[in-house]
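Residue numbers (my numbering), protein chains in the order written: chain A, 1 to 537; chain B, 1 to 415.
Just so you know, these hints were derived from the structure itself, not from any lab.
You may find that some hints are simply not true.
[To be verified] Taking CB as the label site, the calculated pair distances span: (1) Lys-30(A) with Leu-387(B): 44 to 50 angstroms; (2) Lys-30(A) with His-357(B): 42 to 48 angstroms; (3) Tyr-273(B) with Gly-342(A): 37 to 43 angstroms; (4) Gln-509(A) with Tyr-64(B): 51 to 57 angstroms; (5) Ala-135(B) with Asp-495(A): 42 to 48 angstroms.
[Unchecked claim] Some chain B residues well away from chain A (every beta-carbon gap over 10 angstroms; in silico): (6) Tyr-64; (7) Phe-226; (8) Ala-378.
Just so you know, these numbers come straight off a predicted model, no measurement behind them.
Idealized CB from N, CA, C, for every residue including glycine.
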Amino acid sequence: MKNARPCVRVASLAIVIVAASFSGCRKDPKEAQWDVDLLGPLVITTFTLNDLIADSLLETAPDGSLTLLYRSELFGLRLDTVLNVPDTSIAYRYGLPIPGPVNFAAGTTVVSQIGTSTLDVDDVQLRTLHLRSGQLSVSLTNMVASTVISTFQLPGATYLGQPVAITQSVGPGSPLSPAVDQILRDLSSHQFDLRGPDLDQVNALSTEFNVQLDPNGNGAPVTSQDSVIAIASYLGLVPQYAEGYFGQRSIAVGPEVTDVDVFAGITSGVLDLEQVTARIKVINGIGVDGRIRINALTSINTSTGVSVPLTHTIVGDPINLNRAQDLGGSFQPSVWQTTLDGGNSNIDVFVENLPNQLNYEAELEVNPLGDISNGHDFLYYESALSAQLEVEIPLRLIATDLTLENVVRPELPGSAEGHALLNGDLRLFATNGFPFSAELRMDLVDPDGVVLNSIPVTGLVEAGVVGSNGLVHTPILSRCDAVLTESQVDLLYADARIRLRAVFNTADQTQHLPLLASYKMDLQVTTGTHYLVNGDE
Amino acid sequence: MNSRWWGGAALFALPLLAAGQERVGLFAQDTASYCTRILVDGAYEMDANAVYNELLLGLLNGGYLDRELRQRSSDALRGMNRLGQVMQLRATVIAGDSVFRHPGLQWSVSASHQDQGGMRFRPDVYDLTFFGNAAYEDRTAELSGSAYERQQFQTIGLGLYWARTGDHVRLDFVKGQSLSAVDLDDATLYTAPDGRRLDVRLNGTYWQSDTAVNGSDLRTFNGSGFAVSFSHGYILGPENGRHVRNRITASVEDLGLIRWNGGSQRLQQDTSYSYEGLRVDNIFDLDGLVLGEETAQDTLGLHFEQGAYWRVMPYRAALAYDMQWRAGWRWAFTLSQRYLPGYMPLYHLEAGKSLGHPFIGLSGQYGGFGDLRAGLRAAFQMGPARLGLTLPNLATAFGEKSRGLAARITLEACF
Numbered sequence: 001m002k003n004a005r006p007c008v009r010v011a012s013l014a015i016v017i018v019a020a021s022f023s024g025c026r027k028d029p030k031e032a033q034w035d036v037d038l039l040g041p042l043v044i045t046t047f048t049l050n051d052l053i054a055d056s057l058l059e060t061a062p063d064g065s066l067t068l069l070y071r072s073e074l075f076g077l078r079l080d081t082v083l084n085v086p087d088t089s090i091a092y093r094y095g096l097p098i099p100g101p102v103n104f105a106a107g108t109t110v111v112s113q114i115g116t117s118t119l120d121v122d123d124v125q126l127r128t129l130h131l132r133s134g135q136l137s138v139s140l141t142n143m144v145a146s147t148v149i150s151t152f153q154l155p156g157a158t159y160l161g162q163p164v165a166i167t168q169s170v171g172p173g174s175p176l177s178p179a180v181d182q183i184l185r186d187l188s189s190h191q192f193d194l195r196g197p198d199l200d201q202v203n204a205l206s207t208e209f210n211v212q213l214d215p216n217g218n219g220a221p222v223t224s225q226d227s228v229i230a231i232a233s234y235l236g237l238v239p240q241y242a243e244g245y246f247g248q249r250s251i252a253v254g255p256e257v258t259d260v261d262v263f264a265g266i267t268s269g270v271l272d273l274e275q276v277t278a279r280i281k282v283i284n285g286i287g288v289d290g291r292i293r294i295n296a297l298t299s300i301n302t303s304t305g306v307s308v309p310l311t312h313t314i315v316g317d318p319i320n321l322n323r324a325q326d327l328g329g330s331f332q333p334s335v336w337q338t339t340l341d342g343g344n345s346n347i348d349v350f351v352e353n354l355p356n357q358l359n360y361e362a363e364l365e366v367n368p369l370g371d372i373s374n375g376h377d378f379l380y381y382e383s384a385l386s387a388q389l390e391v392e393i394p395l396r397l398i399a400t401d402l403t404l405e406n407v408v409r410p411e412l413p414g415s416a417e418g419h420a421l422l423n424g425d426l427r428l429f430a431t432n433g434f435p436f437s438a439e440l441r442m443d444l445v446d447p448d449g450v451v452l453n454s455i456p457v458t459g460l461v462e463a464g465v466v467g468s469n470g471l472v473h474t475p476i477l478s479r480c481d482a483v484l485t486e487s488q489v490d491l492l493y494a495d496a497r498i499r500l501r502a503v504f505n506t507a508d509q510t511q512h513l514p515l516l517a518s519y520k521m522d523l524q525v526t527t528g529t530h531y532l533v534n535g536d537e
Numbered sequence: 001m002n003s004r005w006w007g008g009a010a011l012f013a014l015p016l017l018a019a020g021q022e023r024v025g026l027f028a029q030d031t032a033s034y035c036t037r038i039l040v041d042g043a044y045e046m047d048a049n050a051v052y053n054e055l056l057l058g059l060l061n062g063g064y065l066d067r068e069l070r071q072r073s074s075d076a077l078r079g080m081n082r083l084g085q086v087m088q089l090r091a092t093v094i095a096g097d098s099v100f101r102h103p104g105l106q107w108s109v110s111a112s113h114q115d116q117g118g119m120r121f122r123p124d125v126y127d128l129t130f131f132g133n134a135a136y137e138d139r140t141a142e143l144s145g146s147a148y149e150r151q152q153f154q155t156i157g158l159g160l161y162w163a164r165t166g167d168h169v170r171l172d173f174v175k176g177q178s179l180s181a182v183d184l185d186d187a188t189l190y191t192a193p194d195g196r197r198l199d200v201r202l203n204g205t206y207w208q209s210d211t212a213v214n215g216s217d218l219r220t221f222n223g224s225g226f227a228v229s230f231s232h233g234y235i236l237g238p239e240n241g242r243h244v245r246n247r248i249t250a251s252v253e254d255l256g257l258i259r260w261n262g263g264s265q266r267l268q269q270d271t272s273y274s275y276e277g278l279r280v281d282n283i284f285d286l287d288g289l290v291l292g293e294e295t296a297q298d299t300l301g302l303h304f305e306q307g308a309y310w311r312v313m314p315y316r317a318a319l320a321y322d323m324q325w326r327a328g329w330r331w332a333f334t335l336s337q338r339y340l341p342g343y344m345p346l347y348h349l350e351a352g353k354s355l356g357h358p359f360i361g362l363s364g365q366y367g368g369f370g371d372l373r374a375g376l377r378a379a380f381q382m383g384p385a386r387l388g389l390t391l392p393n394l395a396t397a398f399g400e401k402s403r404g405l406a407a408r409i410t411l412e413a414c415f
């Protein structure tokens with residue numbers, strides 16, 4: 001090739017130009033941004049009472065009227081309260097009573113102990129115990145210079161109708177270096193007769209413990225220092241069935257608070273119900289007689305701070321409970337029940353307090369008359385003594401400034417540092433078929449509920465048109481508007497939430513209006529948004 | 001229609017690079033026969049028939065585009081608008097005295113990086129994109145007939161070059177870097193009063209190369225293909241006393257296909273949809289309500305098909321007639337077309353004179369992505385090297401209401 005030097009020069013220049021051009025291509029400038037005004041629908045939904053109250057709590061009559069059925073367990077005493085079988089360990093020790101040594105031949109039985117141990121169950125005298133679960137651990141320590149074979153028998157226990165025995169072998173040991181072995185046995189479905197060998201005791205665990213030197217071994221010289229120790233531990237015993245005398249004792253219930261979620265979200269206002277009926281049921285699934293005294297039952301509204309104690313003869317008076325009936329493998333609980341209404345109690349005021357909590361305190365006496373069953377009290381794993389409250393509220397009501405609150409945190413694209421959403425407005429279109437109006441209030445709150453800013457809402461969701469029969473015959477379309485400023489949008493991105501409050505008032509404040517299952521409110525939220533294209537970071 | 005459309009469209013699309021460029025190199029064939037040649041050719045062109053440079057440059061450079069700037073381009077829109085941008089960078093080596101025992105037939109090796117895009121759009125596409133749909137309350141935006149395509153790819157190829165005539169042919173392997181394209185056959189958007197309903201009529205297709213990898217990275221390998229380029233001239237008559245050349249040339253650049261890989265997406269939609277908002281079951285359970293691109297796609301039923309497909313490259317075909325006089329004068333007329341949306345046939349006329357080694361020419365053109373443009377071309381020789389500079393758009397490239405920017409630099413050495 002001619003002109004080699006210029007060729008190199010030009011090639012170098014070309015490479016520089018190419019490299020410069022490509023490095024220019026790699027530049028990735030920040031994307032251009034511009035603001036646009038967007039208008040469109042955001043959310044559409046239909047509101048029914050099922051959005052407020054679960055289907056399972058509403059009962060619809062043939063005429064479409066609704067009744068709220070609320071059930072709640074006030075308290076329940078279960079197995080762990082009535083009978084608790086603690087872990088129990090029993091030790092068996094054998095040592096030669098003389099200094100020795102004494103030569104024992106192979107196959108010699110060196111230990112043979114029959115004994116009875118006691119289950120530590122306070123106040124309860126058990127005769128029979130069927131276990132649902134639990135374990136028996138037998139730990140054997142051998143200091144004799146021969147393999148030993150131990151047999152641990154439970155004369156009062158059966159498993160699937162067969163006697164229970166545990167055999168284990170432990171190698172030779174010495175006082176300085178004992179041989180140890182442990183065996184675990186699952187006690188599920190094991191049945192224990194706790195009456196002892198002569199069937200005249202209670203809580204008695206009969207055992208028989210034998211140790212012999214290995215018949216195939218050479219025997220061993222045994223001194224007083226050589227011992228065999230067995231430790232039997234009953235662990236995690238859970239009864240499936242227990243029979244005996246459960247003692248005469250008192251069990252305090254509460255004071256305790258239980259949550260009520262049926263009025264969740266209602267923060268203030270007055271709800272006037274035409275009729276309220278309640279039932280209190282005490283169900284005794286345990287084979288003991290009982291006497292319960294409900295000392296207090298109070299409706300608590302933590303939002304308003306108002307507490308309403310229930311007034312009825314049930315409060316303060318003793319209730320005698322019959323024992324459950326043992327059907328041999330299952331049981332028939334006894335049920336005690338009383339009805340509360342506006343005539344015999346203040347249950348309407350109790351409910352209209354819109355409680356979100358119930359406070360109760362009670363006292364249960366077990367076997368108030370002593371061992372009248374002659375040791376045949378019983379319980380099953382499923383047995384319980386519980387008190388239940390059932391409230392039946394036909395939804396005919398007058399709502400006055402009844403305020404429902406909900407806090408939402410929409411997931412917005414972008415971040416606090418950069419977001420495309422600048423400001424905008426929300427427009428609510430409601431076609432209301434309910435007999436109540438709704439005034440909307442919006443606030444921005446922090447995670448603790450402290451108000452950071454308010455979003456003014458103009459307009460009112462008007463109530464549907466109510467006829468002379470108290471029923472809505474024409475839904476009404478209304479519109480509400482809310483404007484979110486740029487600073488309010490910034491707050492939303494800074495971990496604020498939207499607290500939405502709807503204040504309901506029934507159209508007629510002089511008569512109770514029924515709520516029908518067919519009532520609904522069609523809702524649509526649209527938005528006009530000032531949006532920064534490529535503004536999300 | 002998002003900013004990628006516009007950024008992409010503005011990013012690459014164009015060259016209408018001048019008559020006389022249908023053939024490889026700057027040297028006249030009678031002086032350059034049999035030499036080894038190294039060429040580096042860089043071309044950038046951006047043009048539009050309505051939208052002003054200030055908007056396109058704003059999209060390219062980033063930053064905030066104020067409303068007045070956007071409005072100026074909006075006011076200039078026509079019934080159907082076009083814009084595009086093309087960037088091409090190519091290095092070529094031509095060497096050898098003969099190939100296949102044909103004296104004067106040389107081999108060539110060539111590599112290029114190309115980024116080409118173009119779009120045609122109705123005014124409503126622009127206004128929806130840059131101002132939003134609020135102004136369309138109770139109105140229908142007409143988007144039909146709009147289309148956009150951008151392809152980024154690299155080529156490497158081998159070819160043959162006939163030194164005496166300047167004819168050449170080249171076969172390239174193509175590495176696909178990224179593709180995005182939209183073709184709206186029929187599309188409208190109606191915004192109901194208060195935004196209570198959006199009625200969408202959509203019959204269109206969308207293509208997108210694998211989005212799981214960074215499409216702007218030159219190393220990205222999203223597809224592969226082959227392309228052919230050639231140029232062949234016909235001498236229309238023997239030299240006479242005045243003419244040294246009287247020739248018509250047909251050429252094609254990058255006629256080929258790329259098979260975009262299995263991660264590519266395609267969406268073909270022919271639907272009408274009335275959107276009234278995201279349906280929620282319970283107005284009291286809005287926690288976690290996600291208002292984003294994916295939610296909107298799900299709601300509108302825009303589900304992309306994933307899989308490989310072939311797509312034609314943005315090739316360019318041209319027919320040129322050029323005549324050169326013994327006194328150094330030269331004129332050329334070129335008719336060319338590029339396979340990109342928004343590109344219309346480009347008519348280019350150039351006249352110039354060789355002043356010894358330098359060449360100076362003036363040009364005028366109409367079509368492509370833009371309208372009427374005027375510019376110049378110059379070439380200079382420095383020893384064994386020549387530098388060519390083409391500026392086809394000088395008349396309308398400057399000022400607030402400028403449209404189009406284009407430049408081509410060719411560096412060539414002959415040893």
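Status of the stated non-contact between Phe-226(B) and chain A (beta carbon gap over 10 angstroms): 23 angstroms, holds
Ala-378(B) remote from chain A - nearest C-beta pair above 10 angstroms: Its Cβ never comes within 10 angstroms of chain A, the nearest being 18 angstroms, so this holds.
Cβ separation of Gln-509(A) and Tyr-64(B), checked against the hinted range 51 to 57 angstroms: At roughly 55 angstroms between Cβ atoms, Tyr-64(B) and Gln-509(A) fall inside 51 to 57 angstroms, so the hint holds.
Range agreement (Cβ of His-357(B) with Cβ of Lys-30(A), hint 42 to 48 angstroms): Distance hint for Lys-30(A), His-357(B) holds at roughly 45 angstroms.
Beyond 10 angstroms from each Cβ of chain A, as asserted for Tyr-64(B): 5 angstroms, violated
C-beta pair Ala-135(B), Asp-495(A): status relative to the range 42 to 48 angstroms that was hinted: 34 angstroms, violated
Satisfaction of the hinted span 37 to 43 angstroms by the C-beta atoms belonging to Tyr-273(B) and Gly-342(A): 55 angstroms, violated
Supplied distance hint 44 to 50 angstroms, evaluated on CB atoms of Lys-30(A) and Leu-387(B): 35 angstroms, violated
Consistency with the previously given hints fails for numbers 1, 3, 5 and 6, ordered from lowest to highest.
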